[in-house]
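Novice: Here is what each chain is made of, one letter per residue.
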Amino acid sequence: GEDVEQSLFLSVREGDSSVINCTYTDSSSTYLYWYKQEPGAGLQLLTYIFSNMDMKQDQRLTVLLNKKDKHLSLRIADTQTGDSAIYFCAEISGTYKYIFGTGTRLKVLA
Amino acid sequence: GAVVSQHPSWVICKSGTSVKIECRSLDFQATTMFWYRQFPKQSLMLMATSNEGSKATYEQGVEKDKFLINHASLTLSTLTVTSAHPEDSSFYICSADQKTDSYEQYFGPGTRLTVT
Chain A
1 GEDVEQSLFL
11 SVREGDSSVI
21 NCTYTDSSST
31 YLYWYKQEPG
41 AGLQLLTYIF
51 SNMDMKQDQR
61 LTVLLNKKDK
71 HLSLRIADTQ
81 TGDSAIYFCA
91 EISGTYKYIF
101 GTGTRLKVLA
Chain B
111 GAVVSQHPSW
121 VICKSGTSVK
131 IECRSLDFQA
141 TTMFWYRQFP
151 KQSLMLMATS
161 NEGSKATYEQ
171 GVEKDKFLIN
181 HASLTLSTLT
191 VTSAHPEDSS
201 FYICSADQKT
211 DSYEQYFGPG
221 TRLTVT
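Chains as they are written, first to last, in my numbering: chain A, 1 to 110; chain B, 111 to 226.
Extracted from the complex, chain B is given alone in its bound form (with noise of 0.2 Å):
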C-alpha cells in the first residue's frame, strides 16, 4: 500500500514553453500533497503544499505563479512549471501525507526536468 506514482518520469521542453507533472496517490486518498525540488547532490527543498480543493500553500522564495499547483481530487495533483527556463531544470519529486498518526509521507518516483 501507500503507493504514489509521477508522471512523466523525465520531459525535456524548450525555453518558453509550460510543463505539466502530475503525482498520484494510487491506493489512498491525499487530501495533502507535497512538491519538492532536488538539485544534484543536494537535499530535497519544499516549494509547496498542496491542499484538495483550496489554494496551495507556497514556501518563501517560491514563485507561485511560476509553479501552478492544482489539488483537484483526493488522488491527484499537479505542477505546472510555466515558462520554463534552464535554471528550472531539477529533479521535481511529490509526496503525499496518507494522514495516519504518525505523518508519514510517500513519494513519488521524480520526474526529471531539463529545459534546452
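In isolation and in its complexed conformation, chain A is listed as follows (with noise of 0.2 Å):
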C-alpha cells in the first residue's frame, strides 16, 4: 500500500521557522496529527486538525492541511535547540488506527 511520505532530514538554524511536510494517502481520514519523538522515548503529542479545517495555530505550531492535495505541514516558528527531534504526522484509518509518517528528523543548529 502507499506510504505517508515525510521527508527525512530537515536542518535549521536556531530562531528560523522550520516547516515539516507530510503526504498522507486516505482521504477520508478525520484527523491528522503531529507527533514529536525525542531519541530514547515515545511520543509527544504536538497537535492535531480536523479534516474540515484548513490551518490550526497553537502558540508557536501552525499545522496547514491541504485535503485536495493530501497534504499536512507543520511549521515550528522561532525554532530552538529543544526542537530537535524526529517529527511524525499520522493520520487514522477508518478502524480508527493509527497510520504513521516516515518521520522527520529535525536538527537546530545553534
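If you are wondering where the hints come from, they were derived from the structure by calculation, not from laboratory data.
Treat the hints loosely; a few may be bogus.
As the list claims (entries may be wrong) - Below, a sample of chain B positions facing chain A; criterion: calculated Cβ distance under 7 Å:
(1) 141
(2) 154
(3) 172
(4) 203
(5) 212
(6) 214
(7) 218
(8) 219
Stated by the list, open to error - Have a look at the derived ranges for each label pair, beta carbon to beta carbon:
(9) B:141 x A:3: 35 to 41 Å
(10) A:17 x B:186: 40 to 46 Å
(11) A:61 x B:136: 43 to 49 Å
(12) B:112 x A:61: 17 to 23 Å
(13) A:66 x B:139: 33 to 39 Å
(14) B:180 x A:109: 43 to 49 Å
(15) A:96 x B:186: 19 to 25 Å
(16) A:66 x B:122: 34 to 40 Å
(17) A:110 x B:180: 42 to 48 Å
(18) A:17 x B:174: 42 to 48 Å
(19) A:26 x B:139: 25 to 31 Å
As the list claims (entries may be wrong) - Straight-line alpha carbon distances no greater than 30 Å define the calculated DSSO-like cross-link-like pairs of lysine-lysine that follow:
(20) A:56 x A:97
(21) B:130 x A:36
(22) B:124 x B:151
(23) A:56 x B:209
(24) B:176 x B:130
(25) A:36 x A:67
(26) A:97 x B:176
(27) A:56 x A:68
(28) B:165 x B:176
(29) B:151 x B:174
(30) A:67 x B:151
(31) A:56 x A:107
(32) B:124 x A:56
(33) B:209 x A:36
(34) A:68 x A:97
(35) A:70 x B:151
(36) A:97 x B:174
(37) A:36 x A:107
(38) B:151 x A:97
(39) B:209 x A:68
(40) B:209 x A:67
Backbone N, C-alpha and C define an ideal beta-carbon position, used for all residues, glycine too.
Hints given; two lone chains; assemble the complex.
Specialist: Given below as C-alpha cells:
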C-alpha cells in the first residue's frame, strides 16, 4: 500500500522557522496528527487538525491542511535547539488505527 | 493528564526466555491500547490493538502466539514476548486511546528489548 511520506531530514538555524511536510494517503481521514519523538523516548502529541479545517495555530505551531492534495504541514516558529527531534505525522484509518509517516529528523543549529 | 507509563524501560534477556512489558494509563481509563514496534531510525509499526476484556486484534504478519497481549483491566495492558530471539530486539511502544472525539493516542515512553 501507499506510505505516508515525509522528507527524512531538515536542518534549520536557531530562531528560524521550520516547516515539516507530510503527504498522507486516505482522503477520508477525519483527523491528522503531529507527534514529536526525542531520542530513546515515546511520542509526544503536539497537535492535531480536524479534516474540515485548513489551518490550526497553537502557540509556535501552525498546521496547514490541503485536503485536495492530501498534504499536511507543521510550521514551528522561532525554532529552538530543544525542538531537535523526529517529527511524525499520522492519519487515522477507518478502523481508528493510526498510520504513521516515515518521520522527519529536525536538527536545529545553534 | 493523559499519562501512559511503561515498565520496564529497558530489558536484556537471553534467547529462549520470555519477557513481559507493562503499559499503564495513569490518569484515565483506556478500553483500547495499542502496541507498536519501532526499529532504529524507522517509523512505528502497529503490532496489535489491545481491547479490555477481549482478545487482541493482531496486524497481518504479527505472530499472536509469540507476542501475547493481555488487557485485563481498564488501566493495564501487557505484551509478553515469548521464546525471544535476537531478531525480536527492538523498541516497543504502547499507546492508549482516551476515547475523545479526536481519537488522540497517548504514548508510553517505550521499552527497549535486547535479546542476547
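Novice: Take the shortest C-beta to C-beta distance between residue 141 (chain B) and chain A; is it under 7 Å?
Specialist: Since the shortest Cβ distance to chain A is 12 Å, the answer is violated.
Novice: Could you grab the alpha-carbon distance between residue 151 (chain B) and residue 97 (chain A) and see if it respects the 30 Å cut-off?
Specialist: Judged against 30 Å, a Cα distance of about 22 Å means the pair holds.
Novice: Keeping to a limit of 30 Å between CA atoms, is the pair of residue 67 (chain A) and residue 151 (chain B) held or broken?
Specialist: At roughly 28 Å apart (the allowed maximum being 30 Å), residue 151 (chain B) and residue 67 (chain A) satisfy the hint.
Novice: Is residue 56 (chain A) within 30 Å of residue 209 (chain B), Cα to Cα?
Specialist: holds (22 Å)
Novice: Hey, does the residue 154 (chain B) contact hint survive, CB to chain A under 7 Å?
Specialist: Hint holds; residue 154 (chain B) Cβ to chain A Cβ min 5 Å, cut 7 Å.
Novice: Under the criterion of a CB-CB separation shorter than 7 Å, is residue 214 (chain B) in contact with chain A as hinted?
Specialist: holds (6 Å)
Novice: Checking one constraint from the list: CA of residue 70 (chain A) to CA of residue 151 (chain B), max 30 Å. Satisfied?
Specialist: holds (25 Å)
Novice: Per the hint of 43 to 49 Å, is the separation of the Cβ atoms of residue 180 (chain B) and residue 109 (chain A) within bounds?
Specialist: holds (46 Å)
Novice: Given the hint that residue 56 (chain A) pairs with residue 68 (chain A), test it: the Cα-Cα distance must not exceed 30 Å.
Specialist: holds (17 Å)
Novice: Under 7 Å is the threshold here; is the Cβ of residue 172 (chain B) close enough to any Cβ of chain A for the hint to stand?
Specialist: violated (13 Å)
Novice: Verify the CB-CB distance for residue 66 (chain A) and residue 139 (chain B) against the hinted window 33 to 39 Å.
Specialist: Between residue 66 (chain A) and residue 139 (chain B), where Cβ atoms are some 36 Å apart, the hint holds.
Novice: Can you verify the interface hint for residue 219 (chain B): is its Cβ closer than 7 Å to any Cβ in chain A?
Specialist: Result: holds, 4 Å to nearest chain A Cβ.
In summary, the structure is inconsistent with hints 1, 3, 9, 11, 16, 32 from the numbered list given earlier, while agreeing with the others.
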